[in-house]
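Engineer: In order, the protein sequences belong to chains U and D. Once you know that position 613 of the first sequence is 613 in the UniProt record's numbering, the rest is easy, because the numbers rise by one and skip nothing. Once you know that position 520 of the second sequence is 520 in the UniProt record's numbering, the rest is easy, because the numbers rise by one and skip nothing.
Do not rely on the hints blindly, as some may be mistaken.
One copy or two, either will do: identical chains are not told apart, so a pair holds if it fits within one copy or between any two.
[Unchecked claim] In silico lysine-lysine, DSSO-like type, Cα no more than 30 angstroms apart, as pairs:
#1 K98 <-> K188
#2 K507 <-> K464
#3 K193 <-> K116
#4 K591 <-> K354
#5 K304 <-> K591
#6 K188 <-> K421
#7 K287 <-> K374
#8 K193 <-> K552
FYI, nobody ran anything at the bench for these hints, they're computed from the structure.
Protein chains: 2
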Amino acid sequence: MSPKITTELLKQLRQVMRNPKYVQEPVQAYIVPSGDAHQSEYIAPCDCRRAFISGFDGSAGTAIVTEQHAAMWTDGRYFLQAAHQMDNNWTLMKMGLKDTPTQEDWLVSVLPEGSKVGVDPFIIPADQWKRMSKALRSAGHDLVPVKENLIDTIWTDCPQRPCKPLITLDLSYTGISWRDKIIALRSKMAERKVMWFVVTALDEVAWLFNLRGSDVEYNPVFFAYAVIGMNTIRLFIDGDRMMDPPVREHLQLDSTLEPEFKIQVLPYGSILSELQAVGAGLSAKEKVWLSDKASHALTEAIPKAYRYLTPYTPICIAKAVKNTAETEGMRRAHIKDAVALCELFNWLEKEVPKGTVTEIIAADKAEEFRSQQKDFVELSFATISSTGPNGAIIHYKPVPETNRTLSVNEIYLLDSGAQYKDGTTDVTRTMHFGTPSAYEKECFTYVLKGHIAVSAAIFPNGTKGHLLDSFARSALWDCGLDYLHGTGHGVGSFLNVHEGPCGISYKTFADEPLEAGMIVSDEPGYYEDGSFGIRIENVVLVIPAETKYNFKNRGSLTFEPLTLVPIQTKMIDVNLLTEKECNWVNEYHQKCREVVGAELERQGRHEALRWLLRETEPLARVQ
Amino acid sequence: MSPKITTELLKQLRQVMRNPKYVQEPVQAYIVPSGDAHQSEYIAPCDCRRAFISGFDGSAGTAIVTEQHAAMWTDGRYFLQAAHQMDNNWTLMKMGLKDTPTQEDWLVSVLPEGSKVGVDPFIIPADQWKRMSKALRSAGHDLVPVKENLIDTIWTDCPQRPCKPLITLDLSYTGISWRDKIIALRSKMAERKVMWFVVTALDEVAWLFNLRGSDVEYNPVFFAYAVIGMNTIRLFIDGDRMMDPPVREHLQLDSTLEPEFKIQVLPYGSILSELQAVGAGLSAKEKVWLSDKASHALTEAIPKAYRYLTPYTPICIAKAVKNTAETEGMRRAHIKDAVALCELFNWLEKEVPKGTVTEIIAADKAEEFRSQQKDFVELSFATISSTGPNGAIIHYKPVPETNRTLSVNEIYLLDSGAQYKDGTTDVTRTMHFGTPSAYEKECFTYVLKGHIAVSAAIFPNGTKGHLLDSFARSALWDCGLDYLHGTGHGVGSFLNVHEGPCGISYKTFADEPLEAGMIVSDEPGYYEDGSFGIRIENVVLVIPAETKYNFKNRGSLTFEPLTLVPIQTKMIDVNLLTEKECNWVNEYHQKCREVVGAELERQGRHEALRWLLRETEPLARVQ
């Protein structure tokens, strides 16, 4: 990796920062956040503005360019990568380290008095704008919205915004029609006495209308906004994809519908002016509901007194609780995914000893096996295929410069997943194709104990996921080990592999309580810098539990693993497991045999079936 | 309990709400919060204004009186008590229930347009003022400060503010001189670039100057404020107690000291004008540090741009980490406390079968035994002495109307503690003086498993207490049981029995990470409404732990029980314990024998010693 030379680009950016064509008054600093106008985690190439100006293309980072300086804030996952990808024009601000200033503090320390700091109001979320603006104002500066994105003005070969065809999902996949979703949404709106709801997150638009797209890699979403009134539906979307007959039929665009279900299709770019018109037409007590993560631009379109902002929208919350059609789809998807991984691991077991399989080859092979499965659409994220020391890099993605050959002497960690039309998968398995050391087995077994502690946990209705995080760490903690990431995230149903509002993390974010039907990952790990990484990840479904006393009818919950891929018994030190844990592993493997075995049989994949049977032999605990 | 008749009082209050002698403009509503001007949890009789106006004297509640209505917000602990103590003039607002409006929403729904809502700015914390004021303003009303407390104007027989003599603590108790505490505080102030620090919490003033008082029952504090500058110390305190020679000597009031350690003593009531003078004299970049829970009145004295507000003050954080002198004192206090409880339980075992011991008698007896111990000062909170169904009322305090006789057929729960000059105790034991049922033993054992899970937990440095809360619940959860309170609170050293900034709770408050030297309680429970309550509480000290891998030198922590009182083995279903748990109980009891046994011997309390030895016989687990 050689750094991107940015001297000329920064010079151009500093010119437009003073150019009255783009800015009312010169701005002394310009902020380039990571996200797009929908605050997406995964973004389209045309939205990779921070990577364009700096060279640093990690998933998280904020660039700030002043007349004299250029600085990049990113977190511990990316210190090395950012340092490699950026040239000397840039100062790396290592977030999380004690002496690293916040963006606000740094700005205050370098700016001349009474400076203007510019930012694209469509890219910065309202809550961030508020915080930053307050901090700057109290130091005598101003945060100002710059309507035209200044990076776009100098990005001559900027790729076009994708505008790919849509996929319509029928009831057998979604369980609820878009019409019924609108009815449910309006009833939530009525409860909160709001007249309008603005859908800004791409996965929320996709979920609401039972549509999928492929505008962003890994996330089956498409660029659109929606504004739902009590009697109107406005969908802001570009391209001739709305001329596609199945889409028109799905949305009933050409039918005579009750007016309150008639979808008005408007250009993507007209959202701001339409929302401003809504804002201008509001009468007393008519509120507009927005996510507090919606862009500053859209939030500002509604006068402050009329805004109703919440951290999670009613769509986000409804989407998280999967219905039967969705959970059945997720089950099917996970069985197919398990078939692909049994094939892969069987293949790796044969090929790795030959010394010809690299991390990239293994990742490609995983994709090949997955793509043979019915309704496969694409991967759900960039495959983490890592062996030996690369396994300790938590967000590793093999590239030619780092590509390592798998061997019988190193641990191999594969964190991968796919989008199928019936569901989204995300699974991590850690394997050894030779003989693991006692220490490697010890660490693996602690991670497994943590995985089981979460998966088998029973907890009362209304419990928030973050209260389960320590269960995953307890066995590691007892020996003085830990891992520096959360334990789980929400997973979409043929949607984003990371979604709110629930999760399992030591970070106390405002997660919503777990409910039956929610789907999260359970993925504790352990990482030994410079030598290996271990992670065991299943996607699990929240289900009602049966308990002796049932919390005085408050009800209780537990998890059912949807992922059904063997956990390598060779890596387990059985003597470190309790009887209960040992039984959990054996029952889990029994289920893998029954469910995935039947599907391997059906698909005629006999060699992989034999591998599965071998890998799921019951553990025997020495008494 | 018959309700207090408040018709006349409310009439008088409504008159003064319109009386230009007290209010610039009439206020349409008046808020009467629970606290005092220091936001204390325990308050002096003169500060029980909410109880005076309403009759409801629980520890938490806010009254709001409008021209037409009188309403009381309180939480689930007090629904019954408040309903009994208040007459028909009052509407009970049950906090935590879905349909209960917030104070703000209720005010907006009942007030005429453009109303003024009054509150004593000394009683309302700055953060609450901010929230309430914003909500009212957005509905067209105004929150206004009413300088003279309107309750005080109608409370003709209001008790005087206590002004009792002070206790000076020497280095053998405090470990650090007040002078060194001032130096450490000033260094924290320099780090944050603040010029002034305002001490508003009573326990912080007491800790800083190594003084104690008895102005408030159970909390050894005294009414005072302090303002610490980089070169000045101002102490705001009333009464001739500052004329007491030991106090003068302790504070070196008559010595020739370097000017920066010279304490200027000012009248308690002059804090506002002095602080306003400080505020008026600030030049650019001179900040004043206050807790964000300080009163609105004091916060407003400092112009907004000069305020530096934090949830926890540097004193709060320093105070939480006990030094060797303090932990040694706490150890001594807990041994004496254990002696008293061994005496008590031995006595109860003999007396309960006679049917003459009531909850009140038992509580008094506990106090009697404690008061025989060296350096006993007072109780640290109102003793919870409860048998049978009363045990299920978490904050029960026996009064003649509810006083129940202890018997061999019911579980007895005693949650009690004391202030000794060398430390503060807080211990709960649950006993049966006959034969407990299998179900009672089962529940007790789950609670014990939770207690042990926290007490024996090992966790990395930097872990926040709330991450340990679920450990205390896991065994209960597995069977569908739970308890609706947190697991632990910080404990002061001869100071408040509840103190910040750490704790162990499922509620995600902004707790600070646990550190070696911090002291918290570990008190899971289980409550069966109408039949019994179980709680097992030890005060535990955070200590470094030894682990196999030591978190890559991040270091690890665990707890050491300071409380050394036997846990009734009769209540334990040994077969539900793991071997590790069983060993924990046996080792704990062995320590009780050694440490408390030696002290019982020393004090010649042979009968209690025999009781201790009997109660600490090792458990034998059936293999």
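Engineer: The structure should be examined with respect to each hint, and the outcome stated for every one.
Structural biologist: To see whether the hints hold, each was checked on the structure:
| no. | hint | verdict |
| --- | --- | --- |
| 1 | K98 <-> K188 | between (43 angstroms within a copy, 16 angstroms between copies) |
| 2 | K507 <-> K464 | both (12 angstroms within a copy, 10 angstroms between copies) |
| 3 | K193 <-> K116 | between (38 angstroms within a copy, 26 angstroms between copies) |
| 4 | K591 <-> K354 | neither (32 angstroms within a copy, 60 angstroms between copies) |
| 5 | K304 <-> K591 | neither (54 angstroms within a copy, 63 angstroms between copies) |
| 6 | K188 <-> K421 | within (28 angstroms within a copy, 58 angstroms between copies) |
| 7 | K287 <-> K374 | neither (45 angstroms within a copy, 65 angstroms between copies) |
| 8 | K193 <-> K552 | neither (34 angstroms within a copy, 53 angstroms between copies) |
Hint violations for this structure: numbers 4, 5, 7, 8, all remaining hints satisfied.
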